[in-house]
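*Asks:* Residues per chain, in single letters:
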Amino acid sequence: MNWGSANEFFAMGGYGSYVWGSYAVALALMVLEPWLVSRRHRRARRHPDDQDAQE
Amino acid sequence: MRFFTFAAPSRFYALSGWLIPWFWLATVCLTVLGLYLGFFVAPTDATQGEAYRIIFIHVPAAWMSMVLYLVMAGWAVVGWAFKARLASMVARAIAPTGAMFTFLALWTGAFWGKPTWGAWWVWDARLTSELILLFLYFGYIALTESIDDDRRADSAGALVALVGAVNVPIIYFSVRWWNTLHQGASVSIAAAPKMAETMLTAMLVMTFACWAYAFAVVFMRTRAIVLEREAHTDWVKALREEAP
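Chains as they are written, first to last, in the working numbering: chain R, 1 to 55; chain B, 1 to 244.
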């Protein structure tokens, strides 16, 4: 175990903003992309006649 | 069963629909394991302190950005040469995910470069060639999306993807061919890894997590493209009649 406390963990030895800035953007993109793709799939899956009504 | 059975978009649609949840499960499990190993098991680096922990996302993202480009170019050329519709659709589906990983490699690289080199960005051969890779993805996407006829878009895209593939070995070998600020390879097939075993394990687990993610999201996008392009076929019409 590398960390004595939660504060120590979030501080990352003074590099907290760099480490978490990297992982936060990675997480955001890897949630956003599947969401956009599933929206595209849902639209393609829908019957063309319903398309106008729901958008 | 013939090998090409799943090359039919309808069969691919059914098979990938079954596979996608398993890829998501693998993505989540491997990410949790990889981050646990990376943050709680791998030791602090002797020279870079905790800043080095960016490696567990930076290196997998950079590897994926290059591998996905080659896979995209490969399927694009197969689709072009053999008139295989599904191969072209897969190539088109890979491009945005490849661009996402390229951006992520550049972003995390900047966040790692600032504390260790003192600069967010330098015009070094490795960084510049990776930036060119991002523009190649954007160029491929812009070109294929701007041509209305799908088959012509696929052919034009295949040509661009193939020419651009030259850039991938340039990125990979840039740290050897030029004197770069970016460090050389820490992991290669020819030599023992130049890092602690737990660090290497965490990095490889995160790489597998990125692979699982890429399969899941590329299959999802391919399914959407299949439905868009096969909208006129009986099987898609029948599918749309069913409840979603």
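Misleading hints may appear alongside valid ones.
Per the computed footprint, the stretches of chain B lying under chain R, defined by three or more beta-carbons under 8 Å from a beta-carbon of chain R, are [as the list claims (entries may be wrong)]: (1) 45 to 59; (2) 97 to 106; (3) 174 to 186; (4) 228 to 242.
Residues of chain R clear of chain B, computed beta-carbon distances all greater than 10 Å [unchecked claim]: (5) 6; (6) 7; (7) 41.
Please keep in mind that the hints were generated in silico from the structure rather than gathered at the bench.
Virtual Cβ for every residue (Gly too), placed ideally from N, Cα, C.
*Asks:* For which of the previously enumerated hints does the structure constitute a violation, in increasing order of number?
*Replies:* As far as the earlier hints go, 3, 7 are violated by this structure, in ascending order.
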